[in-house]
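> Mind docking chain Z on chain D? Use the hints.
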Amino acid sequence: MGEKWVLMKTAQTPTNIAVIKYWGKRDETLILPVNDSISVTLDPAHLCTTTTVAVSPAFQQDRMWLNGKEISLSGGRYQNCLREIRKRAREVEDKEKGIKIEKKDWEQLHLHIASYNNFPTAAGLASSAAGFACLVFALAKLMNVEEDESQLSAIARQGSGSACRSLFGGFVKWIMGKEEDGSDSLAVQLVDEKHWDDLFIIIAVVSSRQKETSSTSGMRESVETSLLLQHRAKEVVPKRTIQMEEAIKSRDFASFAKLTCADSNQFHAVCLDTSPPIFYMNDTSHRIISHVEKWNRSEGSPQVAYTFDAGPNAVLIARNRKAAAQLLQRLLFSFPPNSDTDLDSYIIGDKTILQDAGLEGMKDVEALSPPPENSSAQKYPGDVNYFICTRPGKGPILLSNETLALLDPVTGVPK
Amino acid sequence: MGEKWVLMKTAQTPTNIAVIKYWGKRDETLILPVNDSISVTLDPAHLCTTTTVAVSPAFQQDRMWLNGKEIPLSGGRYQNCLREIRKRAREVEDKEKGIKIEKKDWEKLHLHIASYNNFPTAAGLASSAAGFACLVFALAKLMNVEEDESQLSAIARQGSGSACRSLFGGFVKWIMGKEEDGSDSLAVQLVDEKHWDDLFIIIAVVSSRQKETSSTSGMRESVETSLLLQHRAKEVVPKRTVQMEEAIKNRDFASFAKLTCADSNQFHAVCLDTSPPIFYMNDTSHRIISHVEKWNRSEGSPQVAYTFDAGPNAVLIARDRKAAAQLLQRLLFSFPPKSDTDLDSYIIGDKTILQDAGVEGLKDVEALSPPPENGSAQKYPGDVDYFICTRPGKGPILLSNEKLALLDPETGLPK
Chain D
22 MGEKWVLMKT
32 AQTPTNIAVI
42 KYWGKRDETL
52 ILPVNDSISV
62 TLDPAHLCTT
72 TTVAVSPAFQ
82 QDRMWLNGKE
92 ISLSGGRYQN
102 CLREIRKRAR
112 EVEDKEKGIK
122 IEKKDWEQLH
132 LHIASYNNFP
142 TAAGLASSAA
152 GFACLVFALA
162 KLMNVEEDES
172 QLSAIARQGS
182 GSACRSLFGG
192 FVKWIMGKEE
202 DGSDSLAVQL
212 VDEKHWDDLF
222 IIIAVVSSRQ
232 KETSSTSGMR
242 ESVETSLLLQ
252 HRAKEVVPKR
262 TIQMEEAIKS
272 RDFASFAKLT
282 CADSNQFHAV
292 CLDTSPPIFY
302 MNDTSHRIIS
312 HVEKWNRSEG
322 SPQVAYTFDA
332 GPNAVLIARN
342 RKAAAQLLQR
352 LLFSFPPNSD
362 TDLDSYIIGD
372 KTILQDAGLE
382 GMKDVEALSP
392 PPENSSAQKY
402 PGDVNYFICT
412 RPGKGPILLS
422 NETLALLDPV
432 TGVPK
Chain Z
47 MGEKWVLMKT
57 AQTPTNIAVI
67 KYWGKRDETL
77 ILPVNDSISV
87 TLDPAHLCTT
97 TTVAVSPAFQ
107 QDRMWLNGKE
117 IPLSGGRYQN
127 CLREIRKRAR
137 EVEDKEKGIK
147 IEKKDWEKLH
157 LHIASYNNFP
167 TAAGLASSAA
177 GFACLVFALA
187 KLMNVEEDES
197 QLSAIARQGS
207 GSACRSLFGG
217 FVKWIMGKEE
227 DGSDSLAVQL
237 VDEKHWDDLF
247 IIIAVVSSRQ
257 KETSSTSGMR
267 ESVETSLLLQ
277 HRAKEVVPKR
287 TVQMEEAIKN
297 RDFASFAKLT
307 CADSNQFHAV
317 CLDTSPPIFY
327 MNDTSHRIIS
337 HVEKWNRSEG
347 SPQVAYTFDA
357 GPNAVLIARD
367 RKAAAQLLQR
377 LLFSFPPKSD
387 TDLDSYIIGD
397 KTILQDAGVE
407 GLKDVEALSP
417 PPENGSAQKY
427 PGDVDYFICT
437 RPGKGPILLS
447 NEKLALLDPE
457 TGLPK
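Protein sequence lines correspond, in order, to chains D and Z.
The first sequence begins at 22 in this note's numbering and counts up by one.
The second sequence begins at 47 in this note's numbering and counts up by one.
Just chain D, same shape as in the assembly (with noise of 0.2 Å):
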């Protein structure tokens, strides 16, 4: 066996998005929530983590770097699921290359990470989800490990518990489990990306002039001192989940609406009876709320469900392209860009939409009028960094294309 083969896997996964949240553990270090959570995938070719996982008898320990520097591996979620996937390696043979590495190598071997997000992880928008579940994913290619996504998500859950969702395409819901050593805590699909293809979601990422509380230490809080968390998990959460499934299975835009605003609002509200207060909503997130309400009764029917996770950002779910196209115009009114920016960077992702909605330009922006139901309704330019447009999309796949490999195939470091 020669002492510097390398052997590299390079996958790519998508993100998430709950739409009935995910707030609180019963087991902090295996990452065991207090309630069941659902999710849609989004489309990983606007927002997706790509990682390429290299193994050499040449490496002298495990090595990460994320989005070009270099980060620690000590710490407990790393370590788990580095364990975890080890335990589960079995012989892989590269007859090409002449590698072979036995079941037992594997606990001598060391590995390097290479983790890239398409997305800046100050727009809040749950990088360490896509980030552990690509993890996850690449190494079990890597390794040759038999168990399926849902097993695999089991694994990825002790990284970042949103991480589980992320390992299908689609509508995924991470089932609570209620096992204590967590066997039973893993996610399952619930409907492929292409079941509900009419939905269109917008991003708004909003300016964040302050630090949030992380996920972790405000779940924490919550489980510790709010008495209306276990209420909603015990009594709230279960209810709304079998409806959910349902408003999925169905297409019923309506329900799915209704439910995925009370789950979001409900979560905040939950952050807020928390000691001291969480509030990861601000005025502007307020905003986007009020006028979506206002549109959605206006119509009578649903056009637009929001959600919101532990950050200001909006994440807008369109029933189809039309109601996008318009809430798109609504948007654009409130929340113009900055005299500054042009509208290429301001609109980002999917900008397909833009011809939906007339707006090719500045220009078009700014000849928007005010919405029917909200005549009187004011412009915050500059409240909204920028937009993503997406769709609901696929799970992780591997890319065989060794030109996507973030790590150099002959030293397995960053090139």
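Please note that the accuracy of each hint is not assured.
Stated by the list, open to error - Mimicking DSS-like on lysine-lysine, the simulated pairs with C-alpha atoms at most 25 Å apart in a straight line are: (1) D/K255 x Z/K285; (2) D/K400 x Z/K257; (3) Z/K280 x D/K260.
The set of hints was computed from the structure by calculation and includes no laboratory data.
If you're wondering where the values come from, they're calculated on a predicted model, not measured in any experiment.
Only chain Z this time, still in chain D's reference frame:
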């Protein structure tokens, strides 16, 4: 009996701020709440309603003027109060003026009512609480009603729920009651205003650019749509009420502060859990909370309790003058007046605290340093409209000085 005589009484009533919140009715007509509430009465020297009530055979109909403007008395709330107080009217004799009103005469006699708040309605400082309490108290005096303050509070309650708590000074509890007819839903005094003399209250009147959801419709929407409200009412508030009474009786500020802040946050959490969600607090409110939480934690023991009603105004209760002075310094540092405002209009009410804080003019404000626990605190000039400084205060009183009457003693019309 002369046809033109006018009999008048003038009363002054304080307003109150709930520290255990009332939010949600079990009966809309009788205004019966889903849980107990507890409040602190504010010093009427700084915030009060003055009401003159007059009766005369010359009056053709019941009429009312609020802050100089005539308003209709046809609404259910006014009608309920007038009907209930009239039921209890007794014989009245003014020997000096040679006037005698038999009990049966009251049915046919009409009333003129003039009311004035010495604080703006737009300030969101619960003017209806003080208003209805004053109306009922003044009429009770005019009509020689026998009932005591608690029984009168059951009438004021039918005008505006929180009005019942303004029939007493100090700390007051509105017992939710069990009876269907609301006869046992009334206010009692827990302790008078001298019991906890150290407390000092600073109200930050926060700029509000939007029309608030009214309490009446807001709480109805919460009852109808919040899945957390019933849990709060049935499980949380009963325990908190007991703990709060204890804390008040023992002058246990640490417990008082913890409960007050928690209950304010939970009330707003329930508002957020409503469909559509209600946001009463804004970014400025949140900032004030964050600053207070930071300071409290840095001192080890709470210095200030905060509470917010159905609007963005912060009611800050400091444990003593020293803490109030330090609080005022912190508030003025973070929320200085705009450059065209003088200090005298920016801090109103009990201005003696300015001396304690060593702040006599704008120069002193500009010279303030950031607080030690928050060295990077930023300034937000203009985010607060003004501050009102006050103390716990006494209950309703009759004003014998005829100059203070709001109606002309001969015509019975506003002066």
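> Compare the structure with each hint and give your call.
Hints versus structure:
no.	hint	result
1	D/K255 x Z/K285	21 Å, holds
2	D/K400 x Z/K257	17 Å, holds
3	Z/K280 x D/K260	21 Å, holds
In terms of the numbered hints stated before, the structure departs from none.
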